[in-house]
Each structure stands twice: as structure tokens, then as C-alpha cells.
Amino acid sequence: MKKIIITVVGKDMVGIIAEVSAFLRKANVNILDISQTVVQDYFNMMMIADGAKSSVKFDSLSKELAKIGAGMGLDIRCQKSEIFEMMHRV
Amino acid sequence: MINISEVLETNKMVLEENLDVRTITVGISLLDCARSSVRGTCDAVYSKITRIAEKLVKTGDDIGREFGVPVVNKRVSVTPVSIVGAAACRKTGDFVRIASTLEKAAETLGVNFIGGYSAVVSKGMTAADELLIKSIPEAMASTAHICSSVNVGSTKTGIDMDAVRLMGKIVKKTAELTKDSDSLGCAKLVVLCNAPDDNPFMAGAFHGVSESDAVINVGVSGPGVVNHVLKTIPDADFETLCETIKKTAFKITRVGQLVAREASRRLGIPFGIIDLSLAPTPAVGDSVADILKGIGLEHPGAPGTTAALALLNDQVKKGGVMASSYVGGLSGAFIPVSEDQGMIDAVNAGALSIEKLEAMTCVCSVGLDMIAVPGATSAAAISGIIADEAAIGMVNQKTTAVRIIPVWGKKVGDTVEFGGLLGHAPVMKVSEFSCERMISRKGRIPAPIHSFKN
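Keeping their order, the protein sequence lines are chains P and A. So for the first sequence, the numbering used here puts the first residue at 1; every next one is plus one. So for the second sequence, the numbering used here puts the first residue at 1; every next one is plus one.
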């Protein structure tokens, strides 16, 4: 699993980054970059992560993160980074 | 490195503006499946299609999930069946057996369509071509996942008017045999001029004889994305308008290029082309008509519509061509009526007629598409409409097509419900003046001259 982009969208609350990064630590996924912004009262966070050494497959990583999100009322998506690189870089 | 606003922009396109990859279509050559018996041909066809496209649906779904962009349709296109069955088929029923075999293959694979129940007769029909064409009504009535197309003309050969005359009758017959489902069979049948060999979109997809053994063609879409971005520049000048459409088309096409490359790698089948068409769906906002409104028309059909569509089509191509290494297929903007809520609204408002749609087809990627007309429309009138579209394609060196549905028992003002991506359509008025005597003439229209362009 190469570079992945994790996005979190929803209402801001305590512990979002803690929850997501705790899970990534368990899955042995390295966080390369985090940025966040608030758009129209919505919390938007993006993590760029490296899953090369992770034992967890992309599909289950994606499902687990979505489950964590659902538990906190957040939408967490996990995507391979190529789609963004293709679209926004010539 | 990628920044958050870029990531959010991409995801907004998918989640709110209906960005998707409309289809991954695997083109498969069936030339090596021709046998001297119908049974042998059917067995070879079934085994080759199910072998090559075995993992298509799973691969498409995997790619969609991993990149977070839906891959809506997974499809197969095959060598025109009139060629594959020429050695074995002696009656129309023989060709229908091949159609049933294709249907069985579609069900096994889980693809939503197989295209290529086709004949390419731009200059003349062989006996097998004619048999296949005559079998189309029964084939369309007895299958659900098979698409048929007939190419009746080209810029190089002129128009085969014998085929045009026959197709008027075939469209009518198909409508009759599928009258219990609002003549739905006609929605799977298209008559083309200058049909491309590598089109991934139905109903006109077939795997031309100029293609290799198997190939991946991808159709991207995204009218909702263009539509949305135009809302942010309601009063911009034409330069800004065109630049904005072009940049958006680039982004949309890049997604298609990524998906095509991945699908090609995972399936071990060479990448063919990206078809950069804006293909609308009945979903609100996913509409080419709404883009035309965004450019500044009250409804498509208003004066200025042809110019607006020409501009849109050209910018989509200019943006898309740079985004992909190979562009082909139909590439441009589709203007189906039933599949586009904005078009349906325009017809209902009285703004859009078949005649105006015909003018629009001179500058867009295909032709008269998904248009419901009264069931009483004569076969000659349908042939006349086909001839008009073919003439536009022939003279302007572009692909044109007619997918028209003379809905059994319906008249102008009625509405027809096709369901799903095919949408619903108001029955439109066809000119009641006759072209019978012209259509009954035999032979073909010669190829046009390529000089003295006026």
C-alpha cells in the first residue's frame, strides 16, 4: 500500500486527530502530513499517510476508519493518493 | 505535495457534483470465434468473452473503492456480430442464437451491457449484414443486456440508402416487439454514420476490425462538475468561460486516465483510449442542458443554443486532449433527451424541437439520442430522420447517430418511463410531411466532395 489520503469531514470535537492517529499507529501506518481547515462550520482534516509497512490491507483500513468516523458522527474517507496527483498536477 | 483544498475539491466533485467514471469497456475481438456452425460459433464466443473479461467487474469496483470515485458501468464491446456469424448464420434465428449467447455471457460476467450486435454497412450490405439487421427486433426483444448498432454511412463512402430504408422498418418492428415495455428495445439500438471503432459508450459500442485482440476503453463523464463551476462565474467574458470549462475538462479526464491505466495494468489488457464525453444522467444537476443554461440560455433550444453547445464541445476536447495520452471514441457532449432532466424540461416548456436538436448535432459529439416520438410515426419518416443525421455526419466528417423510440401506442404529449439511467421522456412531434418517395429510391448517396467548402 503506497501513499494514502485520509479525509475527515464533520462537526469539530475533542479527540478527532487522537482517535484517527491511535488507530493508524496500531495499523503501523506512518503519518507524513496533517492539515486542517474549517469550511462553513465544518471541520475538514486531511492526513497524508504512508502505508508501505502496514500489515493491514487497504480495504480493511478504509472500512475500519469509516467505522471510527461513524462512531463520532464524522465522515472519514480513505483514498489512494494518485487520484489527487493526477487531477491537480500536470 | 497535495494540499487540503485540492483534496476537498476532488471529493466535492464526487460527493456533490456526480463526478464518476461512466464506463470501463473491454473491447474483445471475436474474429477468431467464427466457426462453420452456429453452435460452434456460440461456444467460442461465450468462452472468449467470459475468459478475457472475467475479472472486469471486480477490478472496476476495486478501483472505484480505492480511489474514491465511482466506476458506474462495466461493459464489453465485441467485433460486429454480422462478421463473426457470417460463416455460420443462414437465417435470422441463427443470429438471435448468438445474441442469446452474448446475453448469457453478460449475465455470467455481471456487466451491464455487451455492445456489438452490429453491422457496418456504410457502402453496402453483405447477405450476413442484412440477415443480422433483420434479426435485430427479435434479438432486442429477447435479450436485456445486448446493444445493437448499424453504421449506414461514412464521409469516405457516402450513405447506403438501402440500409437507411431498412433501418426505418427495423426500428418500427423493434418498437412493436417491445411494446409491453414502452418500446424499450429501441433504446438499445442506434443507427450511426462515421461510427468509431473504439467507442466505449452504449448503445453504439463495438470493437472495430482495426482494433487489437482486446483493449480497455474508458468513458469519463462529469457534466455536474462543469455545471457547478459555471455557477461561480455567471457574468464572466467568453475567454474566462472557455478557460474554466477547459480546466474542468482536464481534471475530469485525468481521473479517467488514472482509472484506465489501473484497469489496464490489473487486467493485463492494453489501454486503448479515453472517451472524454460529458454524458448526463437523470440525476439533478448532472445535466448538459444545465450547462447550456449556465452559459446563459433560458432553456436549450433558445436562439444561441448551437453556439453555446459548439463552445462547450470544443473546450471539453481542448481540456481533455492534454489530460490523456490517447483520446478517441465519441469525445464531446452528449445531448440525449430522456437521460437529461434539463432537456426534458426544455421539451416540456416548448423550447426544444427535433429540428433544433438536429441543428445541435452538427456541433456536438453524437446525434439525435433517446428521443421518444409517436408510435404512429411511419418507417419512412424514421428513415428520413436517419438520412438527415447521416448526411450531417458525412458532410461534416463527424460521428452522428440516431437513437429514436417510436413508442407503441403513444402520442405527442404523453410521457414514457424507461427507468434507471435511461430516464423518462416526453413524446416529441415529428414533421407529418412525407418523405416516402425519396426513401423508396434504391442505391446510395455518393461520398461528398472535400473541396469548395462553403
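Treat the hints as calculated values from the structure; they're not laboratory data. Values in this document were obtained by computation on a predicted structure and should not be read as measured data. Mixed in with the good hints there might be a few duds.
[Unchecked claim] Covered by chain A, according to a simulated footprint, are these stretches of chain P (three or more residues, beta-carbon under 8 Å):
#	segment
1	15-26
2	50-64
3	80-87
Every residue gets a Cβ at the ideal spot worked out from N, C-alpha and C, and that includes glycine.
Hint check results:
1. 15-26: violated (count 0)
2. 50-64: n = 3 at 8 Å, threshold three: holds.
3. 80-87: holds (count 8)
Comparing the model with each numbered hint stated earlier shows that hint 1 is the single one that does not hold.
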